[in-house]
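Line by line, the protein sequences give chains A and D.
Counting with numbering that gives the first Met the number 0, you get residues 0 to 533 for the letters of the first sequence.
Counting with numbering that gives the first Met the number 0, you get residues 0 to 59 for the letters of the second sequence.
Just so you know, the hints here were simulated from the structure itself, not pulled from any lab data.
Some clues are possibly wrong.
[Stated by the list, open to error] Under 10 Å between C-beta atoms, here's a sample of chain D residues computed to sit facing chain A:
#1 A16
#2 A18
#3 L19
#4 R31
#5 L34
#6 G35
#7 S36
#8 W37
Note that beta-carbon positions come from the ideal geometry of N, C-alpha and C, so glycine has one too.
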Amino acid sequence: MDELIPFLLGLVAVVLLVALYVFLVSFVLTSLLWPSLPVLLLGGVVAGLVLAVAAVGATLVGIRTPVVVGPAHVRHERWFRPTRSPFPRDDAWPHYLVGQVRADGLAAARGVRDAVRGPWRWAGRHVRATPAVLVAWPLLLFPVVAGGAASVAAGAGLLGLLAVLGAAWAVAVTGWAAVAVLLRTGDRLLRVSRRARASCGRAGCNHVTDLPAFRCPCSRLHRDLRPGVLGVVFRRCACDRLLPTTVLRAASALPASCPLCDGLLPRGSGALTDVRIPVLGPVSSGKSRFVAAAMLALERHVRAADGEFAAADDASGRTLAAGADLVTAAAPTVKTAAQRPPAAISARLGVPATDGFLHVFDPAGELLRDREQSRGLPFLDEAQGFVLIVDPFSVPAVRAELGPAYAERLAQACPATDDPEASYQVTAQWLRDAGAPLHRRALAVVLVKADLLVDLPPGRALREGVPEVRSWLLAHDLDHLVTAAERDFGEVRCFLVSSLTGWRHDDPHTALTPLVWLAGLAGLRLPEPVGVAP
Amino acid sequence: MTAAGSRGPRHVTAFRAAALALVVLAVAVTVRWGLGSWDLLLRIVGGAHPWLAGLVGIVP
């Protein structure tokens, strides 16, 4: 009995405590929680929405610093699709709408996530540390209900704001892309209409491109300055300088470089008409002398027409000056080095109707002897027109006609050793193999040494202008060469030139006529020379 | 970090300012939709600060 009473008293106490707990729980749930549920929910929703706006606002104001998408990111596939170009994307800041906008959106979303997750994690940690607190679970329901409402509202608010900003982004990026496409197309069309390209004159490179690289004053090279993800109207270099987009604008503001060898290109490359003419022919046929005479005659011709003529680079300037000295002094020509491919002799020509570059290549005849050696002349397949030098004194029919009586005059002419037809066949075959569209190219067949030829029996008729050069070639067993050339090339014209006197632009056998004809076909229209023999 | 600064070039700031203006507009339109009229919203805004009241031309 003595043991029963305390047990019963204890039982009663427990029952009372349980009843009190149940009462309190019921009281809290029914009298406190339930009536305050609308306030809790409303407060939670408002707090959640404010949280979402605050997180987005903090990101945009810069309080929360997202990843700064800069020049270092433009080459990462995680941020930008790789370019189709063989070169990586340029070192410049990406446009906000295609780079930073993603980072800002992610930062805003992470801001909301962290703000929502933080209190829940804090509460979870404390409940795990002190599980006894769960006894007061009805009281915990207050923050749980309010926090749940706030979390859901914050997520919904974030989605709503991102939807609004996403719609604005879609409109902006569409307009941005439209402007980019418009500028890019306009730039391309203008350059195509001008037949503008950029040619590297460096020996062995001779790369020809529609898209020259441009160097920022900080020395960073921008290989693709067209409107794109790095900017539509302007782009900002990693050094913070603002650079113009489009090749046309960049060409007038920045120094151009060859994208392949980084060599400096003349100012205006890529934006002006660009004509490349290799001069082909056997060893000692008179190619170098022809080039020197033709370029000097061209300079005089352009200046006589109130135009401008200037060497496009220092090396070309030196070559032109040396060539001018050579032909005006009638000095003997120095043999062209056959160890390496030639550098271009480049000049910028400006006459009222046209402005552009003319690049003339003078490869040593040895390089054209076989296909293996021709392979080292990359400019051949990018040329718009060709000059084929034919030394009349290397033609067997002419030598036979001259006979021993003119042996001294023949030796004086220093005739080429190789047959012009064989030289032509090797080069034409290589060009065909390389896929050069010869049927869209022009060939000027230039019969040189006119000053000697017209005084001798085989060429006397040419002095009177009858027959024309083509017929003369046919009559002197060069019919295979003429027929093959006319079959291979889109246009063929024959010229009679004297490199000895033809450096004068008004000479009847001036050397500039083939260049003017070929340059005109390639879009660089120069005034026709006057007083030229037919 | 380059000379453009730790937050990127200036155009980033301009775009963020535009986005912030859009967020403020979206919030204002939502609150106006909830309150039912611009007048009440302007009174609340005006009540928050006299300068804002002057700006919107309403005396709270």
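Here's how the hints hold up against the structure:
no.: 1; hint: A16; result: holds, 8 Å
no.: 2; hint: A18; result: holds, 5 Å
no.: 3; hint: L19; result: holds, 4 Å
no.: 4; hint: R31; result: violated, 14 Å
no.: 5; hint: L34; result: violated, 13 Å
no.: 6; hint: G35; result: violated, 17 Å
no.: 7; hint: S36; result: violated, 19 Å
no.: 8; hint: W37; result: violated, 19 Å
Of the numbered hints stated above, those contradicted by the structure are hints 4, 5, 6, 7, 8, listed in ascending order.
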